[in-house]
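There are 4 protein chains.
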Amino acid sequence: MNYQAILEEIYKEIKPELKRGKVADYIPALARVKKEQFAMSITLLDGTNYSVGNFDTKFSIQSITKVFTFSMALKIYKDNLYKRVGVEPSGNPFNSLVQLEYENGIPRNPFINAGALVVTDSLVSFYQDEFKALEKIMHFVREITQNSAIEFNQEVAKSEWEHGDRNLALAHLMKSFGNFENSVEGVVKTYFKQCAIEMTTKELSRSGLYLANKGVDPISQKEFLSASQAKRVNAVMLTCGHYDASGEFAYHVGLPGKSGVGGGILAIVPNVMSIAVFAPALNKYGNSHAGTLALEKFTSKTGLSIF
Amino acid sequence: MNYQAILEEIYKEIKPELKRGKVADYIPALARVKKEQFAMSITLLDGTNYSVGNFDTKFSIQSITKVFTFSMALKIYKDNLYKRVGVEPSGNPFNSLVQLEYENGIPRNPFINAGALVVTDSLVSFYQDEFKALEKIMHFVREITQNSAIEFNQEVAKSEWEHGDRNLALAHLMKSFGNFENSVEGVVKTYFKQCAIEMTTKELSRSGLYLANKGVDPISQKEFLSASQAKRVNAVMLTCGHYDASGEFAYHVGLPGKSGVGGGILAIVPNVMSIAVFAPALNKYGNSHAGTLALEKFTSKTGLSIF
Amino acid sequence: MNYQAILEEIYKEIKPELKRGKVADYIPALARVKKEQFAMSITLLDGTNYSVGNFDTKFSIQSITKVFTFSMALKIYKDNLYKRVGVEPSGNPFNSLVQLEYENGIPRNPFINAGALVVTDSLVSFYQDEFKALEKIMHFVREITQNSAIEFNQEVAKSEWEHGDRNLALAHLMKSFGNFENSVEGVVKTYFKQCAIEMTTKELSRSGLYLANKGVDPISQKEFLSASQAKRVNAVMLTCGHYDASGEFAYHVGLPGKSGVGGGILAIVPNVMSIAVFAPALNKYGNSHAGTLALEKFTSKTGLSIF
Amino acid sequence: MNYQAILEEIYKEIKPELKRGKVADYIPALARVKKEQFAMSITLLDGTNYSVGNFDTKFSIQSITKVFTFSMALKIYKDNLYKRVGVEPSGNPFNSLVQLEYENGIPRNPFINAGALVVTDSLVSFYQDEFKALEKIMHFVREITQNSAIEFNQEVAKSEWEHGDRNLALAHLMKSFGNFENSVEGVVKTYFKQCAIEMTTKELSRSGLYLANKGVDPISQKEFLSASQAKRVNAVMLTCGHYDASGEFAYHVGLPGKSGVGGGILAIVPNVMSIAVFAPALNKYGNSHAGTLALEKFTSKTGLSIF
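Chains as they are written, first to last, in our numbering: chain A, 23 to 329; chain B, 23 to 329; chain C, 23 to 329; chain D, 23 to 329.
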């Protein structure tokens, strides 16, 4: 298939949509991101990359990092992880406390905020220290991208912390149920740093190869997950990757995917490729408006849905 | 692959599990089903069938019919159907009224009871009459199975009606929100008849071929859905097919599937096959305990997960 | 105290408020009630009545009848009634299904619709027949008003039935939990007839004397409740009489009271008097806007709050 | 009435009940309180005190202090306070986050934890400093008891803080909605100190005289609230003073009251007296089991219900 031509076609078609939606504005560093940007990259299992738009622009990947920390924790804790976090779609917004209270502090899945906080908490426990955990997270991200220059944005992390009351509420609530092991402040700060990691779509599409290839990076041959674990991460991305629009995403796009409030989406075509898209204006569910459409166009044009 | 050998292996492995779980007992006709039964069938796109166990035993397919009525309504109403029913996982039990009330009578998806009732109501509207609608549903089911002998069980339908208060509550609640067009009694009775359809696993696995083959029955060449619609039915089966254990099913099995309280499950391997399993004892979510395990074993042994 | 002067003062002050709010419009018979009406009556324990405004105009007392059927059921079943209905404020609108589902079909209190339906169901059970039960309800209401001419409005009852889906949903939901003993249709129709009873404020204020006088009508000397039961009905009126504005009513008015969607309110000053007010335009909670204000003015001017 | 004889009768009758229920055990300092204690005191408007049992034993008054801080904030902010906290019963446990999330961070009433935290936050804002606010709270409590020796227990406050995650969650959640003005840590610590205030029943019954006497202490003649405000505090005590057993309390006791998890209850007979009871074993709603019964007996024996 001529992927480059397809990406360019999508870019052209998507342009009028870039005006729609709203850039995340709960912190200044995200609020000032220019709205009408678009980038899309795909990386095949052999490493070939195709890209269009602002594919060299760094953006805040935010919740997409939840896929990476979930992978790390799943590798470490295996099925024991499910004592602390489930794999069910929540049917509620990403930061809701309601279900958490009804379900005794066990988050529905690792991709809602509560679940991601528990996952980060489990990494802090394993590495015994929040700074060590952060270092390991950065190391993991640099390994899957094969890029030692990946960093997080200090200003974004700081700004998240200053507006972090809801995440603090989630963490304290879980702690009150006994499902939080370390200092709330330490874990939440680590979580905000993790969310502040920046990549280009080119880098982000590279990062998902291990998920497209049964847990093993097809270039470096490093095994990040077992085949069965990789399959399961993909399943959770499909059912839970877009908060309470996960069903819509599965329905329209038909690929495992994870969105971030920075406007990025990572999507996986098992055994074929990893895709990254960036368009900062969000729809009402907090997912990239044009990014979701671009992926829908991509699977329509290529037939690369999993269904 | 030697599918017959795999099925027999699974059957052997699953036997100790048949003791576990509980047969549905809310109506006498289901309560008296013998617990330790098991059957599994697969039908390939070319029509080849492999089966083990009680594969000639009829059972009540119950909620699995929601896949068929959803297909019919999607064909008729296309995207207009989504004004009346969504495609999001609900995160709640199959018969919950909570979300329905918060969301003004629009059910989350067509596979929870409220959604299926709306779908049946939409068919009654389209065919102008509950008896005509039922006739069309039976016709559809006979066509996709290529079996004119498929019937529903009158006693089961009657018994459901006698215990139908929760479904009546759902229908009246939706009617109070203006999302119900016909007589509550008529539609609910039609729905119970549809749920009382009986098949063997051999027949049921035959019924899913159109979903495994982009909407077109690969043997009869009849088109039941467009390729895009078939893909979408599969997506909804994956995200919503097992109520509040849909995430678990996607995670462990990795296939679009729909369970019924009679102990059946229909699962689809896109472009490859349709699978049916029957084991009447249910887990705490109301899905077949051994059936779910058998499917998990099947995708582990064959690698036929979509992820 | 010069009650007549106080009532006239209130009437004068309240006039500008009669424009505000909205007459109930879910059924035609209520929707066409003229908005800018007002009437207020008080009846002292010795039977003396003071009235202002349209105090000879009949109006639909609607939910106020819940006080009377609750009284009847409490007399019959005593504390056994609490197996079927609680006495806690619900914190939710009058017709919500949410709590009912979480709490297994046991309504929070007898003044939300679900609770009132259970109460009517219990009367149908006791009198063995819905028509006999209705006759007894009418008899009770005629006795407490000492007025054999009290009737219900057939057209209103019929119209309620035609728009009765939410109440049918509540009844079927309770039946599915085993908390409903008779035919849903029969009980709901009886309930709608009970709600369609019509009174003037003069009659309605007379009806509450047994609650102001420890369960015994001070004129006829008939005992409708024990002293302790009367005290308890008053307590439930105070905590639950105005749906999710019950706290506001207690806070601003400070009397046991029960509102109806027809614009009436019955309030009790224990050991002193019974008050009725009528003003059909409702506030956002479904309680009479001007009626609530008039009662607030009354307790401010007279100091007759219970607090 | 021979109040002393009545108290002694109650004490005798209540003794077998002291075995029932469970002392609060979420912090060590409360967990080690001896279970089978009982004390009851009444103080008439002229200051006359009657007491039985361990009426000179100090106990942690806990949530009863919410009445005092609510009084202070109502005096300061008047109706503006209702922009930040409502007066409706919540229908949920004292520390639930569910309603808070649905209702955008505005607590239902000042007696659930979220509401009390907002009230304390408003005092910290007014007095510009958490220590100044605490000083003013202590001053208020010493004035209404006319006892400068009232103190809070440092160990209890510290222990609450160590188990304070749920209250921290509530405060952060409200802050995320913009309904929290000061440092979460500072306010929550102040709140825990306020809750750790200790009194005997004799002192506690003295503290409520201003509420029994239209806002003015009948002995010192100091005005703590206007008559109308005092009436309203009583109304909120009646409808919201016992969490999700407030309706039961109104129903069985029929007096404005406020319970604390330390086993105390303060109840008000408007224009007559203030009552305090202490029995540390709690019922399933977190209210003193024997204390509630004792108050029920008291209103039955004396007829002093407000209804």
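Just so you know, these hints were derived from the structure itself, not from any lab. Hints may contain errors.
Copies of one chain are not kept apart here, so a pair can be met inside one copy or by any two copies together.
Keeping only pairs whose Cα atoms sit at most 30 Å apart, straight-line, the calculated DSS-like set for lysine-lysine is [to be verified]:
(1) K41 - K211
(2) K236 - K57
(3) K100 - K180
(4) K154 - K37
(5) K100 - K306
(6) K154 - K306
(7) K100 - K323
(8) K244 - K34
(9) K56 - K236
(10) K80 - K100
(11) K211 - K180
(12) K306 - K158
(13) K244 - K44
(14) K236 - K319
(15) K319 - K180
* At 30 Å max between alpha carbons, let me know whether K306 reaches K158 within a copy, between copies, both or neither. => Neither way: K306 and K158 sit 34 Å apart in one copy and 38 Å across, limit 30 Å.
* Asked: Is it within, between, both, or neither for K41 and K211, if the alpha carbons may be no more than 30 Å apart?
  -> Classified as neither: same-chain Cα gap 33 Å, cross-chain 47 Å, threshold 30 Å.
* Under a CA distance limit of 30 Å, which applies to K154 and K37: within one copy, between copies, both, or neither? -> Classified as neither; 43 Å inside a copy, 47 Å across copies.
* **Same-copy or cross-copy closeness of K244 to K44 [CA-CA at most 30 Å]** => neither (39 Å within a copy, 45 Å between copies)
* **Same-copy or cross-copy closeness of K100 to K180 [CA-CA at most 30 Å]** => neither (32 Å within a copy, 38 Å between copies)
* Please work out whether the CA atoms of K100 and K323 approach to 30 Å or closer within one copy, between two copies, in both situations, or in neither? => between (37 Å within a copy, 20 Å between copies)
* How do K80 and K100 come out at 30 Å by Cα distance, when the copy is not named: within, between, both, or neither? -> neither (33 Å within a copy, 40 Å between copies)
* Asked: Using 30 Å as the alpha-carbon threshold, which applies to K56 and K236: within, between, both, or neither?
  -> neither (36 Å within a copy, 41 Å between copies)
* Asked: How would you label the pair K100, K306 (within, between, both, or neither) given a Cα cut-off of 30 Å?
  -> between (34 Å within a copy, 23 Å between copies)
* Measure nothing new, just compare the shortest in-copy and cross-copy C-alpha distances for K236 and K319 to 30 Å and report within, between, both or neither. => Both: 25 Å inside a chain and 18 Å across chains, each within 30 Å.
* Asked: Is the C-alpha distance from K154 to K306 at most 30 Å within one copy, between copies, in both cases, or in neither?
  -> Answer is neither: 36 Å inside a copy and 40 Å across each miss the 30 Å cutoff.
* **Intra/inter-copy verdict for K244 and K34 if alpha-carbon distance must be at most 30 Å** => neither (37 Å within a copy, 37 Å between copies)
Of the numbered hints listed earlier, those contradicted by the structure are 1, 2, 3, 4, 6, 8, 9, 10, 12, 13 and 15.
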